[in-house]
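Following the hints, complete the assembly by docking chain B onto the known chain A.
As they're listed, the protein sequences go chains A and B. Going by my numbering, the first residue of the first sequence is number 202, and it counts up by one from there. Going by my numbering, the first residue of the second sequence is number 6, and it counts up by one from there.
25 angstroms max Cα-Cα, derived SDA-like pairs, lysine to any residue:
(1) B:Lys73 / A:Asn359
(2) B:Lys44 / A:Gly328
(3) B:Lys131 / A:Gly437
(4) B:Lys131 / B:Pro207
(5) B:Lys44 / A:Ala378
(6) B:Lys44 / A:Val333
(7) B:Lys44 / A:Val371
(8) B:Lys44 / B:Ser57
(9) B:Lys73 / A:Leu353
(10) B:Lys131 / B:Glu209
Derived, one-sided and incomplete: chain A residues facing chain B with beta-carbon distance under 7 angstroms:
(11) Asp335
(12) Ala336
(13) Cys340
(14) Ser432
(15) Phe435
(16) Lys455
(17) Ile472
Derived coverage of chain B by chain A (criterion: at least 3 residues anywhere in the stretch with Cβ under 8 angstroms from a Cβ of chain A; other residues may be distant):
(18) 54 to 63
(19) 176 to 187
(20) 286 to 299
(21) 312 to 326
Since the hints were made in silico from the structure, they are not lab data. Here a beta-carbon is modelled for each residue, glycine too, at the ideal position from N, C-alpha and C.
Each chain, written out:
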Amino acid sequence: MSAVLPSVAAKTLPSDAGPWRRAWRRLQRRRGALVGLACVAMFIVLALFAPWLAPQDPIATSWGAIRHAPSAEHWFGTDEIGRDVFARVVWGTRASLLAGVVSVSISLLLGVPIGLAAGFLGGWVDGVISRVTDAFLACPFLILAIALAAFLGPSLTNAMIAIGVSATPVFVRLTRAQVQGVKVEDYIEAARAVGNPPLRIALRHVLPNVTAPLIVQATLAIASAVIAEASLSFLGLGQQPPAPSWGSMLNTAKNFIDNAPWMAVWPGLAIFLLVLSFNLLGDGLRDALDPRQR
Amino acid sequence: MESARSDDRHSTSPHRPPPVTPRRTTPRRTTDMLDYLVKRLATLVPTLILVSMLIFGLQQLLPGDPAKILAGEEQDPTVVAYLRTKLHLDEPLPMRYAYWAGGVLHGDLGESIRNQQPVLELIVQKLPVTLELALLAFAIALVIGIPAGIVSAIGRGSAWDYAANVFALWGLSTPNFWLGILMILLFSVQLGWLPASGYVSPFEDLRANLAAMIMPAFVLGNAIAAVLMRHTRSAMLQVLSADYVRTARAKGLNERTVVLKHALRNALTPIITLGALELGTLLSGAVLTEQVFTIPGFGKLIVDAVFNRDYSVVQGVVLVTASAYMLLNLLADLAQFAVNPRLRR
Numbered sequence: 202m203s204a205v206l207p208s209v210a211a212k213t214l215p216s217d218a219g220p221w222r223r224a225w226r227r228l229q230r231r232r233g234a235l236v237g238l239a240c241v242a243m244f245i246v247l248a249l250f251a252p253w254l255a256p257q258d259p260i261a262t263s264w265g266a267i268r269h270a271p272s273a274e275h276w277f278g279t280d281e282i283g284r285d286v287f288a289r290v291v292w293g294t295r296a297s298l299l300a301g302v303v304s305v306s307i308s309l310l311l312g313v314p315i316g317l318a319a320g321f322l323g324g325w326v327d328g329v330i331s332r333v334t335d336a337f338l339a340c341p342f343l344i345l346a347i348a349l350a351a352f353l354g355p356s357l358t359n360a361m362i363a364i365g366v367s368a369t370p371v372f373v374r375l376t377r378a379q380v381q382g383v384k385v386e387d388y389i390e391a392a393r394a395v396g397n398p399p400l401r402i403a404l405r406h407v408l409p410n411v412t413a414p415l416i417v418q419a420t421l422a423i424a425s426a427v428i429a430e431a432s433l434s435f436l437g438l439g440q441q442p443p444a445p446s447w448g449s450m451l452n453t454a455k456n457f458i459d460n461a462p463w464m465a466v467w468p469g470l471a472i473f474l475l476v477l478s479f480n481l482l483g484d485g486l487r488d489a490l491d492p493r494q495r
Numbered sequence: 006m007e008s009a010r011s012d013d014r015h016s017t018s019p020h021r022p023p024p025v026t027p028r029r030t031t032p033r034r035t036t037d038m039l040d041y042l043v044k045r046l047a048t049l050v051p052t053l054i055l056v057s058m059l060i061f062g063l064q065q066l067l068p069g070d071p072a073k074i075l076a077g078e079e080q081d082p083t084v085v086a087y088l089r090t091k092l093h094l095d096e097p098l099p100m101r102y103a104y105w106a107g108g109v110l111h112g113d114l115g116e117s118i119r120n121q122q123p124v125l126e127l128i129v130q131k132l133p134v135t136l137e138l139a140l141l142a143f144a145i146a147l148v149i150g151i152p153a154g155i156v157s158a159i160g161r162g163s164a165w166d167y168a169a170n171v172f173a174l175w176g177l178s179t180p181n182f183w184l185g186i187l188m189i190l191l192f193s194v195q196l197g198w199l200p201a202s203g204y205v206s207p208f209e210d211l212r213a214n215l216a217a218m219i220m221p222a223f224v225l226g227n228a229i230a231a232v233l234m235r236h237t238r239s240a241m242l243q244v245l246s247a248d249y250v251r252t253a254r255a256k257g258l259n260e261r262t263v264v265l266k267h268a269l270r271n272a273l274t275p276i277i278t279l280g281a282l283e284l285g286t287l288l289s290g291a292v293l294t295e296q297v298f299t300i301p302g303f304g305k306l307i308v309d310a311v312f313n314r315d316y317s318v319v320q321g322v323v324l325v326t327a328s329a330y331m332l333l334n335l336l337a338d339l340a341q342f343a344v345n346p347r348l349r350r
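This is chain A alone, in the form it adopts within the complex:
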């Protein structure tokens, strides 16, 4: 008897497993999402182990190696002041990943509580929050981020704040809409009926049930934030020279496009791959976590 039970348990696991485990199984069936996940993991490894993977100093200039084409010594070539492009691309991963994760964390930290309050409390609180959100959404994302970065001053930290604040309204609106759907469910009514205080209901019963779409949106928002950081750095409002950043590398590269095209190819390719990875992962997560797929 005891030998039978584990096998029965193993067979019934898919239906008994929790929603997160089922979502992970569905994600594993999506090849694109797995490729995205593997690429994101590769970029994380690049960022964490940059000193070992690219031992050349990314800011050390060499007047004897100005705009050298890719070679065994310099895999991706050198830039206009002889810096190794491979080292700068590898070290630049840190700025891009950091900007993506920190900006979206700011958006989540601001957007989720505000959206939760709007959706859960309703009434005038919802009215005020919705109107302010509409005002933010009326300003195109990058234009608002440029304006914020301009007034805050050019730096990677300010760029991350600007991107995070500019992306917040999307999370406010998403959380509000999800909360409005969940708060009328029977189990919320039941939680209210047994005497749970509103704050406890909001945090313990409503919030956990709106996390899936937030995770999907956060993943896709990281892709947008990476492009936004590269855009701000391209305009000179993000990471400041000589620190390596893919956007600022492209800004310099466009002046040498006719005689050193490699300066533009590699940082652009890195942005493209990182953004593509997050988009693939986000699309896969949406399919895996969308309740309509179940």
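Just chain B now, with coordinates in the frame of chain A:
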């Protein structure tokens, strides 16, 4: 022709209104449209006021004395004193906002510190260039995105569908400034077909204007084409499985009529709504595209203003962009109202 009209009359499309005589429909439709416009304007005005507060509030982010910062590096005491009076910096914040908003309502967006020109005048000078770029980009996006979406939906699971989806992922993941640089490398440096930068007015030389604008417009339209392709594909897939499309096929209509006349017409509603949201991408993208191709438009104006610490210009550009974005969304809503009878009920 007559049979096509007959088909429309008997169509089972859920988007069609109940049959009414044209004489009664037109005035009713106009009144409904006016009601809808009034309702939308009633929500637009408070949002616009909040947007103006937000943009005015940006000035409060400046560390230290705004007059000294706005006066530039030299901080000429005369300029500082002039700015202090002009911006009412000695008065409470709500009063300062009231003065600023009053000026905006009279078309006074401030003055550029860089060249002492009214901000509105600068914007009016640059706006046509960006509008031309945006219109060309949107046209390219429509020409690529909608047919790609239709082909992808019709041939779901085919090589065309796969190719269209790869194109969409490429469009969504490629930074437009990188694509611009790559296109300059190919078409200007390697092939020498198109100019790498600059702008020629279409009234001076239309051919030179199009040669200068085709690459930036493609770069800007690429990402929007990808989004439109995805929206069109998903809207078409939904519509193609509807009963009235099956009925149209059962009646023996050819596939072209079914797809273009019955399916696409009904799929257009979500495409218009979601496409309108991309207008923001268009305006944001113009900033970077103009920077790459050195086009003297709206986007270049804001970037130059940022580096010259010309904050009145930054505020003015953001205000005009936000207002234009809201207006374009309103127009998209009205277009949706016009094509979707269910909204008029």
